[in-house]
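Taken in sequence, the protein lines are chains A and B. Heads up: the first sequence is residues 0 to 219, going by numbering that gives the first Met the number 0. Heads up: the second sequence is residues 0 to 174, going by numbering that gives the first Met the number 0.
Just so you know, the hints here were simulated from the structure itself, not pulled from any lab data. Keep in mind that this is a model prediction, so the values were computed, not measured. Note that beta-carbon positions come from the ideal geometry of N, C-alpha and C, so glycine has one too. Please note that a few of the clues may not be correct.
Said to hold, decoys possible - Residues on chain B that point at chain A, a partial pick, calculated with CB under 7 Å:
id	residue
1	Cys-17
2	Tyr-18
3	Thr-25
4	Leu-26
5	Arg-30
To be verified - So the derived list for chain A, only partly shown, Cβ under 10 Å to chain B, looks like this:
id	residue
6	Met-90
7	Leu-140
8	Val-167
9	Ala-182
10	Ala-184
11	Val-193
Said to hold, decoys possible - Listed next, the in silico SDA-like pairs over lysine to any residue satisfying Cα-Cα at most 20 Å (straight line):
id	chain 1	residue 1	chain 2	residue 2
12	A	Lys-179	B	Leu-168
13	B	Lys-125	A	Gly-191
14	B	Lys-105	A	Ser-143
15	A	Lys-196	A	Ala-135
16	A	Lys-179	B	Thr-25
17	A	Lys-179	B	Thr-158
18	A	Lys-196	B	Lys-170
19	A	Lys-196	B	Thr-158
20	B	Lys-170	A	Ser-204
21	A	Lys-179	A	Leu-157
Below are the chains, spelled out letter by letter.
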Amino acid sequence: MKLVALVALFIGSVAWAQERNAAAPSPPTSPLSDPTEAPAPPRAVAPNPPERSSLHGGRRFGLQLDAGAPGGATLALVARPWRFLRVNGGMAWNYFGFGVKGGVTLAPFRWGIAPTLGVEGGHLFQADASRLGNGATAKRLLGSIGYSYVSGDVGLELGPQDRFLFFVRGGISYLSGPVKNVAEAIQAGSGGEVVVKSAGEATASYFGPSAKVGVVFFLY
Amino acid sequence: MRTLSLRIGALLALASGCYAQIDEPTLVLSRSLPEVPGAPVAGAITLPAIDFSVGDLSVDETDAHSRLSLTSASVVMTSAGGDDFGGIQSASLRIIPPAGSSLEAKTLASYDRSNDGQAQRTLLMKGVAGEVNLLPYLRASSLRLEISASGVAPGTPWTSDLELDLHLLGKITFP
């Protein structure tokens, strides 16, 4: 995991450096150039259309890698129809199982360190997380865990944004999911004196902080 | 600056409601009761106190937001024969606080034949209004319960199961 992060940062740094070089202004004309050359007439420059009202002309598609809670580690495709708007969708992994996720990020500023606003939702499929539990009851309860979540966050992005950026985001999340095996779990911890005749499917939910870090590479 | 403060305040207010919970509204536990001798004479009937183990519920019993409440309780006759609870006029289930506790004994559920109809082999006691949180009454995962009744009990010795229909809400709040 550390190696992947280092490689991602390296690739991003190289991309950033290349972009900076490409965008650097050309050197001024040498004073030794032909003095008889007439200066070129000024050319009319068409005003740039407002960025927020037109489709983005640069790289529009890329990949996003991030890690955090409650989404886990995710790999997503990113599309940028407008410069200020990015949408992503992909797959997630929370160490116990896989899921899907999607999100929208608003990035209205093109600064070196720029604030963002985003929403994200996802679903992690049922998986065995019993290794987290202590005791028979907890292990049974965690034997089949899945959840859906939605998050709202604010963040900071670092990087040139055209080809690569690194982000840190924090916000608030709500997640909810069924807890199966309730009857078995309580029965396992009851010592046999009590019979659990029935139990519905319990619901586990969480409302609290969320956080993630990640990188985005714009490739096409 | 004032706007920023308001926004930060709103975020903190939002964050102060953070929680994690597990909600199981229909948990039915059952245990057998000792045999009761027949008493075909009208009068007050009180069964010996019962220690009802609810097992490991995996909730923080001291957290004020966690709750274990009774929806209903049933005494289900398991002995063979023709006897039933048809002679019972009223019945109630009470929770007895642990020794040394400042808690009070409270009625959790009750049955009244005039309202609930004549019972057969199952005596259903409905939970009383104003749910009692049972978690503070737990000692070593057990609830001490007492069943009392009035009317005519079955005339021959009988055995039964006591079923508790419980609602469990385990919740922690933070920060």
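Going down the list of hints, with the structure as the test:
Satisfaction of the interface hint for Cys-17 (chain B) is found here, the shortest Cβ-Cβ separation to chain A being roughly 4 Å, below the 7 Å cut-off. Proximity of Tyr-18 (chain B) to chain A holds as hinted, the smallest CB-CB distance being about 6 Å (cut-off 7 Å). Hint status for Thr-25 (chain B): holds, given a least beta-carbon distance of 4 Å to chain A, under 7 Å. For Leu-26 (chain B), the shortest C-beta to C-beta distance to chain A is roughly 5 Å, which falls under 7 Å, so the interface hint holds.
Hint status for Arg-30 (chain B): holds, given a least beta-carbon distance of 5 Å to chain A, under 7 Å. With its C-beta approaching chain B no nearer than about 25 Å, Met-90 (chain A) sits outside the 10 Å limit, and its interface hint is violated. Hint on Leu-140 (chain A) holds. Least Cβ distance to chain B is approximately 7 Å, under the 10 Å limit. Against a cut-off of 10 Å between C-beta atoms, the interface hint on Val-167 (chain A) is violated, since the closest Cβ of chain B lies about 17 Å away.
Annotation: Ala-182 (chain A) was flagged as interfacial toward chain B, and the flag holds, the nearest CB pair being 8 Å apart, inside 10 Å. Taking 10 Å as the C-beta cut-off, the interface hint given for Ala-184 (chain A) holds, the closest approach to chain B being about 8 Å. A least Cβ separation of about 5 Å between Val-193 (chain A) and chain B falls short of the 10 Å threshold, and the interface hint therefore holds. Between Lys-179 (chain A) and Leu-168 (chain B) the CA atoms are separated by roughly 15 Å; this keeps the pair inside 20 Å, and the hint holds.
Distance restraint check for Lys-125 (chain B) and Gly-191 (chain A): the Cα-Cα separation of roughly 26 Å exceeds the 20 Å cut-off, and the hinted pair is therefore not satisfied. The hinted pair formed by Lys-105 (chain B) and Ser-143 (chain A) fails the criterion: a straight-line CA distance of about 37 Å is larger than 20 Å. Distance hint between Lys-196 (chain A) and Ala-135 (chain A) is fulfilled; the C-alpha atoms sit about 18 Å from each other, no more than 20 Å. Restraint check for Lys-179 (chain A) and Thr-25 (chain B): the C-alpha separation of about 13 Å stays at or below 20 Å, so the hint holds.
Of the pairs offered as hints, the one joining Lys-179 (chain A) and Thr-158 (chain B) is violated, with about 33 Å between alpha carbons and a cut-off of 20 Å exceeded. Between Lys-196 (chain A) and Lys-170 (chain B), the direct Cα distance comes to roughly 24 Å. Violation of the 20 Å bound is thereby established for this hinted pair. For the given pair, Lys-196 (chain A) sits about 18 Å from Thr-158 (chain B) by alpha-carbon distance, which is consistent with the 20 Å threshold. Between the alpha carbons of Lys-170 (chain B) and Ser-204 (chain A) the distance comes to roughly 9 Å, so the proposed pair stays at or under 20 Å and holds.
The straight-line distance between the Cα atoms of Lys-179 (chain A) and Leu-157 (chain A) is roughly 42 Å, outside the 20 Å bound, and the hint therefore fails.
Hint compliance for this structure: hints 6, 8, 13, 14, 17, 18 and 21 are not met, and every other hint is.
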